[in-house]
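If you read the sequences in order, they're chains A and B. Numbering-wise (my numbering), the first sequence opens with residue 33 and increments by one. Numbering-wise (my numbering), the second sequence opens with residue 2 and increments by one.
Do not take every clue at face value.
[Unchecked claim] Just so you have them, the derived chain B footprint on chain A, three or more residues with Cβ under 8 Å: (1) 91-105; (2) 152-164; (3) 189-201; (4) 214-227.
[Stated by the list, open to error] Examples of chain B residues toward chain A, derived with CB under 10 Å: (5) G98; (6) H115; (7) A117; (8) I150; (9) Q158; (10) R169; (11) A170.
Keep in mind that the hints were calculated from the coordinates and are not lab data. Ideal placement from N, C-alpha and C gives every residue a C-beta, glycine not left out.
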Amino acid sequence: MSTPLFWRGVLMTPTLQFIALAVLAPVLTGCSYAGLVRPSVLKELNPRVAALVNELPNVDHPNNHLVAKIYALGGLSHAKAGRDGVMRAGIRVPKDQYIWEPAFIVMPHAGELELEFDNRDQAIHMAFLPSNGGRQLLYLPVHRRGTARITLDQPGLYWFGCPVANHAGRGMLGFIWVYGETPKEARLDRPPQPQPESD
Amino acid sequence: MDAGLEGRAPSVVQGATYERLAKARAEPQNWLTYYGAYDGQRYSALDQIHSGNVKDLAVAWVFQHPPLGLVSTPVTYAFEATPIVVDGVLFMTGPDGYVWALDAANGKLLWQYHHAIPLDVPLCCGNVNRGVAVAEGKVFFVNVTGRLIALDATTGQPVWDKLFVDVRAGESATLAPLAVKDKVLVGSSGGEYGVRGHLDAFEINTGRHLWRRYTVPKPGEPGSKTWAGDAWARGGGTAWITGTYDADLDLVFWGTGNPGPDFDGSMRPGDNLYTNSVLALNPDDGSLQWHYQWTPHDVWDYDGVNENILFDQEGRMYLAHFDKNGYLFILDRMTGGFVSAIPFAAPLGEISIATPEKSVYSGRPRPQGRTSARVRPARRNGRMRLTAPEPGCPIPRWWSSAASSNPRPPNSARACRIGAARWRTAASPNRASS
Chain A
33 MSTPLFWRGV
43 LMTPTLQFIA
53 LAVLAPVLTG
63 CSYAGLVRPS
73 VLKELNPRVA
83 ALVNELPNVD
93 HPNNHLVAKI
103 YALGGLSHAK
113 AGRDGVMRAG
123 IRVPKDQYIW
133 EPAFIVMPHA
143 GELELEFDNR
153 DQAIHMAFLP
163 SNGGRQLLYL
173 PVHRRGTARI
183 TLDQPGLYWF
193 GCPVANHAGR
203 GMLGFIWVYG
213 ETPKEARLDR
223 PPQPQPESD
Chain B
2 MDAGLEGRAP
12 SVVQGATYER
22 LAKARAEPQN
32 WLTYYGAYDG
42 QRYSALDQIH
52 SGNVKDLAVA
62 WVFQHPPLGL
72 VSTPVTYAFE
82 ATPIVVDGVL
92 FMTGPDGYVW
102 ALDAANGKLL
112 WQYHHAIPLD
122 VPLCCGNVNR
132 GVAVAEGKVF
142 FVNVTGRLIA
152 LDATTGQPVW
162 DKLFVDVRAG
172 ESATLAPLAV
182 KDKVLVGSSG
192 GEYGVRGHLD
202 AFEINTGRHL
212 WRRYTVPKPG
222 EPGSKTWAGD
232 AWARGGGTAW
242 ITGTYDADLD
252 LVFWGTGNPG
262 PDFDGSMRPG
272 DNLYTNSVLA
282 LNPDDGSLQW
292 HYQWTPHDVW
302 DYDGVNENIL
312 FDQEGRMYLA
322 HFDKNGYLFI
332 LDRMTGGFVS
342 AIPFAAPLGE
352 ISIATPEKSV
362 YSGRPRPQGR
372 TSARVRPARR
382 NGRMRLTAPE
392 PGCPIPRWWS
402 SAASSNPRPP
412 NSARACRIGA
422 ARWRTAASPN
432 RASS
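This is chain B alone, in the form it adopts within the complex (with noise of 0.2 Å):
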């Protein structure tokens, strides 16, 4: 512990139950989560700051961190966290190993710890961090090198210390972690550097390794066939941004990135699930329930990791997704099932869909049971008319909802089999049939 700091904070984290997290909503004054509640939504019910008083805004405090010395790899380092705030205490992250606890209304600093972090690690993307959770008194995040490190959220000292990615094979650790029921889930990073992604769960009162779920399934695992040669072992599909939670569907929805090696796809022929996808886990056992990839067989880095944002219209359940690709993807949570892609960027390509009969891949027929028929989107008047095939249902037809003015919802999602429908986006016509 440095000199000078106040070395205590107020123990607010000791009441941030579950059941609480469930209902971060409810506490507008507080920020509990990563994303402000576990819906993804960062919406915040507070209307003290509005349109008409934001020029007003002025600087009450800042905190510095100064670097000193060397730090580990050479390229980027930076601030990417987004504060913790629970009864008055903001709970940060910084590059390099650095966890603060700052009294939020000026700024003091109440504690400070620093994980050593060895100056050769190999990051592909950057020494950063996003963030803490708090949970049961405890504030979790994660290091550089891969570990998960519990600190007693009242006096920053460790409570535990796991070690989940192996940096010397190209992995690493940047995103903040996601605090479920009795659990505390990460992923890993490192997409670029040949490796292998997955996710793990921790018991949040004693650090016990519960499960992990491996994003590019090796072979003789579902999925597997998406994948030639050895190409999986390097496969990439990392999960470096937090996941976000449905309590009543008690499912995950976490995203993966892009596989590896990220612009030659020549090295790695196939879809290559479960990379550029959203996985529906179940948080007790991190078994897949469904699945759906944003853009098989990316050669662009699209990187489809980002988050999930869980809404409801109308008494159905919904997914939403803006991916890099340009298409924001609306999906029934529940089943996995196309909804609707909208286009919120200029074009990238035509989009093409996947259906049981034949491989979006390579545009060939493929076994009963994997992907199937191409289907171009047709545009009008802006909008793109689209089709949404899956397994065993047959193909529904309807305008892009949010496109529209008078959305006419999906007929068929939710009878659909789960986590059957994908989807690809193409430079051109060639490239999505090469």
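Pulled out of the complex, with its shape left as it was, chain A reads as follows (with noise of 0.2 Å):
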């Protein structure tokens, strides 16, 4: 039986299909980022992407809306540890597009990452990254390649971007997220506490 004129043209709305979407979403990936993220992230809402989802750190509240934008810009990367323990991802700058793809690299533990930024982008780009010692700055040229190699040794949420201009406002910002939980020796002597509950 075919679907009535009437239905058919009301599932076609865009404006009906985001919010079936953004409704749906939560229960797909179990996350409350999916109902922060953009229609267009939502319509690519596969099961992949609902596992890169579900993977976003759970953070105070400016910071969880920071990571569902950011993430939304750009998606997210897992470092992979090479043989000399160092951990590797690459980040492109796409054309005309200001953002950082990946936006969101995950480290697996504290350490060393050597990240290769590629620059696909007509305009002069700079890569702005936290590191233990000192924020390393990485320039950026047209049509270039630069690698940057940092340390990261405190489980966390740390931000990288574009320093030129304006840049970081049109959305050059990133993130490294560490993975990590703090060693028995910094812990505190009693029984384990009872944790709030995240929203």
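Dock chain to chain to rebuild the complex, using the hints, since each chain is given by itself in its own frame.
Rendered as structure tokens:
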């Protein structure tokens, strides 16, 4: 039986598509971030994307929203550890978009991270990166590549960005998420404490 | 290392030995410790600037650190550091993990170190840092995630790095470390975030962890009966201000902050030792020699962590503490015995004294060996008459010596058992006995 023309029209309405995705997204992903991402990203909610969304860190409200926005711009990638123990990942700068792609790099643990940047844009960019000792600044001329090695020893969420003009404000902001727990010797001597529920 | 820096400072800290730090006041051209000297007096013998010419002071140079990008925790971040000066080199920290070495004559940046801080750290009380300690060629500082980092004072490069707090549990670190003998001492921050305060000691040259002293006892430890249930596990009492040190007594005097939760005392009935106290510690092993609690069962967030100033008078060794409960306390720093308490601010309430027989918290009798009777001070001509009962001692009576033109010193503090006298301020008589 064919769908009545009226209902076909309703289903084709982009607004209703978005509402349906927004309602279904948290069910699909089990993560509040899905409610924060843009419609264009919601449309891409295949199982792989859902898994990545679920990996996003559960942080406080201001960072929660920031993470969601940045993820929506450039997506997420995992750094891979080499035989030398150094973790590595690549980041592109696509043409005319003013984003990092991926915008979210996950380090499985604290340590050294080598980032290879590929500027495919027609504008000059820079990567301003967190690292112990001092932030690093990598110059990225038009259509050039560059590599930076940084060290991060504390689990948590770090930012990087392009300090040229207003590039960060236009979207060239990214995050590095370092997995890990506080070592036992630095923890408090007390029974496990109840934790607030995430929201 | 950022571009454009000298990248190197003169090796002035190499000669900053313990012996030299212990006599820091003999070098008025320098400021070698957080307070200028171990006694916490913050006194400078320099006399070139005085009341007659202070109006002529003008800016000689400015060092500016422009923040760029996102900073950990969006609440407060500010400069709260005391600069350390060693033979023309100024060492300074900023918020969010920055340390600088500057030429003190012209403000030129010699080296800079920045430890990366995650954005998502829960900081109870702001992204701040109170400065460095210097000793044996190294500069020591903590970052907000609770790392004690030793830098080479000449190059700014890290020598060792130790984590001593759990930032995911709500702890952080903000104080300037204290270098004493072959050790560097630090304390935790985060008293409003359900933590258990502590101090830690590390070996200066290797970073080896030597001891930890919790400021809130767990069940079975001395003082634990001043807590009910499991409130001790989140009892606060963080040690976020640098301590003072008496080399002759070989005692470190360290303040502790408010109990947690800070305003809701119903969740932690009891005196809540050792919050809002001064702890006299053996720096070699962290053992508690005596304590004195400024505000038992604090429900006003008096946070009595601030400095304990050491001074001598007429052959006696005293400790002075200006508490946020509005009283200046004077103790015998050898024994912890009470000497006097003088209100220095608008009256914040009556002050009561605990003795071994009766709890200052409940007002009810306690087993021998615990706190005891509550005494109301009388005021005459703006002065407060005090009694200072201590376990096993006669109750001395005297006028507050600092408030009197004819001071009458205490007669029994030295002979009394250490660490016994305790005080309480109360908003009302009813509150004190609730």
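Now the hints, each set against the structure:
Judged by the Cβ-Cβ criterion of 8 Å, the region 91-105 of chain A is covered by chain B as claimed, because 4 of its residues qualify and three suffice. Note: the region 152-164 of chain A has 4 residues with beta-carbon separation from chain B under 8 Å; the three-residue rule is met and the coverage holds. Only residues whose beta carbon comes within less than 8 Å of a beta carbon in chain B count, and the region 189-201 of chain A has 6; three or more means the coverage holds. Counting residues of the region 214-227 of chain A whose C-beta sits closer than 8 Å to any C-beta of chain B gives 10, which meets the bar of three, so the coverage hint holds.
Interface hint status for B/G98: upheld, as the beta-carbon distance to the closest one in chain A is roughly 9 Å, under 10 Å. At about 5 Å, the closest approach between the beta carbon of B/H115 and any beta carbon in chain A falls short of 10 Å, and the interface hint on this residue holds. Given hint, B/A117 at the interface with chain A, holds; its Cβ is 4 Å from that chain's nearest Cβ, closer than 10 Å. At a threshold of 10 Å, the smallest CB-CB gap from B/I150 to chain A is about 9 Å, leaving the interface hint in force.
Restraint check, B/Q158 versus chain A: the minimum CB separation of about 8 Å is within 10 Å; hint holds. A cut of 10 Å between beta carbons decides the hint on B/R169: the least distance to chain A is about 6 Å, and the hint holds. Proximity of B/A170 to chain A holds as hinted, the smallest CB-CB distance being about 6 Å (cut-off 10 Å).
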